[in-house]
Amino acid sequence: MHPENEKYIELSAADFPRKCAEYSRRHFLRTMFAADERELDGYFRVYAVFSPMGEDRFDILTMKLREDALAYGSITPLVPAAHWYEREMRDMFGIIPEGHPDPRPLCLHGIYGDVYPLRRDVTTDDIKKSVDFSREDGYFFMRVKGEGVYEIPVGPVHAGIIEPGHFRFSAVGETIYHLDPRLFFTHKGTEKLFESRGFENGVELAERISGVSSFSHSSAYCMAVERMAGMDISPRAKAVRTLVIELERLYNHIGDIGNMCAGTGFALGYAKGAILKESLMALNARLTGSRYLRGINVIGGVTRDVFDAADDVISTLDGVKTGFKHFMEFLLDSISHIERLEGTGLLSREIALKMGATGPAARASGISDDIRRAHPHLSYGSLIFEAHTYQKGDVYSRMMVRREEAECSFSIIDSLIERRHEGELRMPAGKFPAGGSALGYTEGPRGSVFYWIKASGDGSPLRVKVRSASFCNWPLVSYAIHGNIVPDFPLVNKSFNLSYSGCDL
Amino acid sequence: MLKQIILNLFGKKPALGRDAIRAMSGDVAGEPGASGPARLDAVFKRSIRIRQVDAGSCNACEWECTALGNPIYDVSRFGIDFTASPRHADVILVTGPVSLGMAGALKKTYLAMPEPKIVIACGDCAKDGGVYRGAYGVLDGAAAVVPVDGYIPGCPPNPAEIMKCIMDILESAAK
Ligand code: SF4
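Chains A and B are the protein sequences, given in the same order.
For the first sequence, the numbering used here puts the final residue at 505, and the numbers step up evenly by one.
For the second sequence, the numbering used here puts the final residue at 175, and the numbers step up evenly by one.
These are computed hints drawn from the structure, not numbers from a lab.
Source: prediction; values computed, not measured.
Do not rely on the hints blindly, as some may be mistaken.
Stated by the list, open to error - Not the full set, but computed from the structure, chain A residues with beta-carbon under 8 angstroms of chain B:
hint: 1; residue: H109
hint: 2; residue: G113
hint: 3; residue: K128
hint: 4; residue: F133
hint: 5; residue: F184
hint: 6; residue: H187
hint: 7; residue: Y292
Every residue gets a Cβ at the ideal spot worked out from N, C-alpha and C, and that includes glycine.
Just need the whole structure built from these sequences, with the hints factored in.
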């Protein structure tokens, strides 16, 4: 009993890598994760979620592993996009992907002892007890050898008001030869926390996975729970969610275009972007009571009908639309700014595809993939819009994709407001079936967001897997920055605008 | 470009006045930089430098701090600025529940600041862990690592609230 577009394919550990390689040729790898299902059937399980290009279906390859034989052949050499997922499973469950090219831990820093936090028999106390702040961190950075190569360590605390992470640049003169990012400083144990909360109380946590993607995360989470429980929320609730997701995209995209100006030291551009963003944030607060669109999603629907304030939406967005048009004209006329963007931070289509890029970063490199179109959900099935792609993969392309998508969001909101949407705002939550599972997903401002949830024997959460867009895109920054100069790093980084918290969990 | 500069010189200023900020944050006791925090002025000479440290937040709190610098709130009007180096900082503004990975960096930042130093915990999760309270990877608030002088409630507090609370906390710390 799975949602209609989910197809589970059971494989042996021996067949798993080969099959994954086969699927990866015509499918996108959406997410990959493990679950400790020993309480249900005595096994650990690994899942790899693929979706065929151009079809609304998820082919979920899965294999079970016995507790005393937790190794399988790594798929990373064949499916490079799996590289972080497999390291994550190794850290969190002790499942060994044999032959993985990178032996380093990913999520758990050296202060953690020998524990596998997401195993169900490991308690929060066990994990806390294993922690030793004085333990040597055995982590090593990848080195570039040769004459004149020097390393620049940056972070975890950065100069600006941003999130923490460490970047190790290997440079010759100003040119970056390699960037080795080390993240997961903000790892909080969020997935385990979900398990102790009950599905209904997970919403407020999903809203706080990543600040400026609050609504896409809570929507994907609610969708997963609703699909698992077989609930079909009303067209009205769907329309509210759709509209609010587009509002989230708008304030992000416009804000991001403004923030890129900070990357080139273009203060006036930055200030103009910030003013536009601020009027969208104020609209968010008036509509939902939260500048970050929190507290509106609940399991079974939404708490407010934003269409009641349609006049406010229309008049505010009219102003922002005009302001944004002038802002873009102004930016595109500013040669000194645009010249810094063109040809900077190139991400080739080939690498973006192989490494599993998502969102504007993928579309700016010529990959036409948008979850709103690939897997129509909420009201998206009845709306007509395009996936906006650029071919070049530079900072400029990432800006232009955002610009076109922002314009598209304006028109999506317009057409939603023109229609009537019937039904209850919120339906009562059904029962959560024992052992049930489902995917939830949406296209957030940074790219696809996936949740996979599974209930235990008593209907409480056994596993909540969060896959943020940033988890996919972080490794790409190293490719994009290769061969650029050190001062362009902030700019390139801003053109991806990735979340640390959403990645580190 | 020239047109823009001229427009900005003579055009409408978007920045909110004190009254507007007061309205947005409820009740702003004492106007920032005006007669209210006189003692504050005596100590900090109307120049306050803040080092913001994200200790595992969801990032919404930082975005609200960033917004303080935008033309709408523009806190530098009141002599408040965010600084890159802890050596230049009077105040450390901590966000996040303090993830285990950030505990050491937060402590180091605090130790690098010159005296007198004031610690403000911004947001519910910096207060007591907030929504993350009880997760294995957090210390349930900034006070586990640094001595906190004051809290800013909210998840996230909006920019006007952050500004008001900073002024209040600094004022009582200066007493
Ligand atoms: S207080 Fe709330 S908004 Fe601020 S960092 Fe914590 S969870 Fe995010």
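Against the structure, the hints come out as follows:
Of the supplied interface hints, the one on H109/A holds, with its beta-carbon coming within about 5 angstroms of a beta-carbon of chain B, less than 8 angstroms. For G113/A, the suggested interface contact is broken, since its CB lies about 12 angstroms from the closest CB of chain B, more than 8 angstroms. For K128/A, the shortest C-beta to C-beta distance to chain B is roughly 6 angstroms, which falls under 8 angstroms, so the interface hint holds. Of the supplied interface hints, the one on F133/A holds, with its beta-carbon coming within about 7 angstroms of a beta-carbon of chain B, less than 8 angstroms.
Taking 8 angstroms as the C-beta contact cut-off toward chain B, the hint placing F184/A at the interface holds, the least distance being around 6 angstroms. The beta carbon of H187/A comes within 5 angstroms of a beta carbon in chain B, closer than 8 angstroms, and the hint placing it at the interface holds. Here the hint on Y292/A is kept, as its CB sits about 5 angstroms from the closest CB of chain B, short of 8 angstroms.
Hint check: a violation occurs at hint 2 only; the rest are consistent with the structure.
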